[in-house]
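Asks: Each chain, written out:
2 protein chains.
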Amino acid sequence: MKSRITISAIQQPCNADRQTNLEISIAKITEAANAGAELTVLPELHLESYFCQSEDNSKFQLAESIPGATTKILGDLAATLKIVIVATLFEKRTPGLYHNTAVVFDRDGSIAGKYRKMHIPDDPGYYEKYYFTPGDLGFTPIDTSIGRLGVLICWDQWFPEAARLMTLAGADMLIYPTAIGWDPLDSEEEKNRQLDAWLTIQRAHAIANGLPVLACNRTGFEPSPCGQSGIDFWGSSFIVGPQGEFLQRADSVESRLLLCDIAAGNSETTRQMWPYLRDRRIDSYHGLNRLFID
Amino acid sequence: MKSRITISAIQQPCNADRQTNLEISIAKITEAANAGAELTVLPELHLESYFCQSEDNSKFQLAESIPGATTKILGDLAATLKIVIVATLFEKRTPGLYHNTAVVFDRDGSIAGKYRKMHIPDDPGYYEKYYFTPGDLGFTPIDTSIGRLGVLICWDQWFPEAARLMTLAGADMLIYPTAIGWDPLDSEEEKNRQLDAWLTIQRAHAIANGLPVLACNRTGFEPSPCGQSGIDFWGSSFIVGPQGEFLQRADSVESRLLLCDIAAGNSETTRQMWPYLRDRRIDSYHGLNRLFID
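Here the protein sequences line up with chains A and B, keeping their order.
Residue 294, in our numbering, is where the first sequence stops; the numbers in between run on with no holes.
Residue 1294, in our numbering, is where the second sequence stops; the numbers in between run on with no holes.
If you are wondering where the hints come from, they were derived from the structure by calculation, not from laboratory data.
Fair warning: there could be bad hints in the mix.
SDA-like mimics (lysine to any residue), calculated; alpha carbons at most 20 Å apart, straight line [said to hold, decoys possible]: (1) Lys1191/B x Gln272/A; (2) Lys1129/B x Pro275/A; (3) Lys191/A x Met1273/B; (4) Lys1129/B x Leu277/A; (5) Lys1191/B x Glu245/A; (6) Lys2/A x Leu81/A.
The following block holds chain A by itself, in its conformation from the complex (with noise of 0.2 Å):
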């Protein structure tokens, strides 16, 4: 990783259309790179609604090849913008194969790399497996030029698993594109206890891995298409530092844009400091490859 770096999260809402959805992202991007963003990352399948509070099969045509139109849009945005992109799509890989899928643009322009979300969430309003085969790139980082990119995707923030395996593949930061939000049927008590966990749960996989952990969620209501009580997303992205400690942190309604430098010598002199990755008993943990151990 470079030295020192920008880096920068675009909260926004994505429940219009796809063009108007872009739209608001190309403004944002634009906007980073001109407050001086290196990086920037934007919510969970940007260019859409969250499509996945039902299982239909006319949402099959959202999706898109990889390079495709849309990869050549954002492709062109970084090449002029000169900053790193990560965006979320909904990848056609072949007929009947879909993924959802990170794309890391570099600051030439290029696809650096991409990253198929790995663990796939299947609940009442996130109705996922349906549409998404789990990942079979592994938990591979992706080079770029101003570092190493340790790209994972929502229900993958809820597995240290794979920021563990993220780091000791050698990523610089953890980045979390996410799509999650609240039941308004819920009691607030249960609302802040969810947004608690999730944020919580992130601020750990810094803490024990020594590095820094960005996390871009989208905002605003989501309808539920199907009679369910629809989804508000919560906004609430945020850059934690290498000890877990706050940097940048947006609130569960803003559109914002969140700016931040990271320094690669903090990591280092975290892990000097707590020296978690010395000591892991790594032969003791072939259990970890097991569901359960009956």
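For this one, chain A is given, so just place chain B on it according to the hints.
Replies: Just chain B now, kept in the frame of chain A:
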């Protein structure tokens, strides 16, 4: 696990002589049992001042066999009070082989099992690698009459692998006897970051695994015997539920008995709502058995 149990943690200073420390522990265990606790946990190595502040050959005299004199006292107490006790002892296994070992006494006074600390720290003021051989019993929960206890010790608390392995082996809750504190020379800002990281990563183990977590730390300042700055043990013992929500929490200086009810059904409901165990990618986790993927 029983459908509902009352658990407790004894936050106490441990910087007096062994007999005084033991008397404090016994009084507090009795208080816990009288208050209805069916399980209680003492801070790590509660019989001694934290002798690992220096590498001192004479301290090996403090080590004792398991079973031995102390387990007899605590076992008898467990039987008298009908309470499960988790205590950490400096174990002498054979001359030249010592461990940092948690012993679990069941309500009939028997030793239900023991756990030998797997991850051993070593940094200025915490010279544990000098004293303790890393455990060879693996991450195996201990069955008791009230449930299956995932007992880990202090430094283990920074490793998501340990929490996950205990969960996969069927632990009903995680328990961390601890001795951790501040370097008095650190800034208030750094102290806050460290304490917050400690709380955050353990709450994250609850969240990732959908089970309660109890951490029991000592309090009080213990001077360094070798001219370093000593350790200001930060207390802050806590019990959280399966979403990482605080149920009980001590401050950094008080001697206190933390007591609360845990319902087994909460873990089951939480895991059905947040089904991480369903979605782990065990086909892609082999890298966790490596120190680094070069």
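Asks: Hint numbers the structure violates, sorted upward?
Replies: Violated hints: none; all satisfied.
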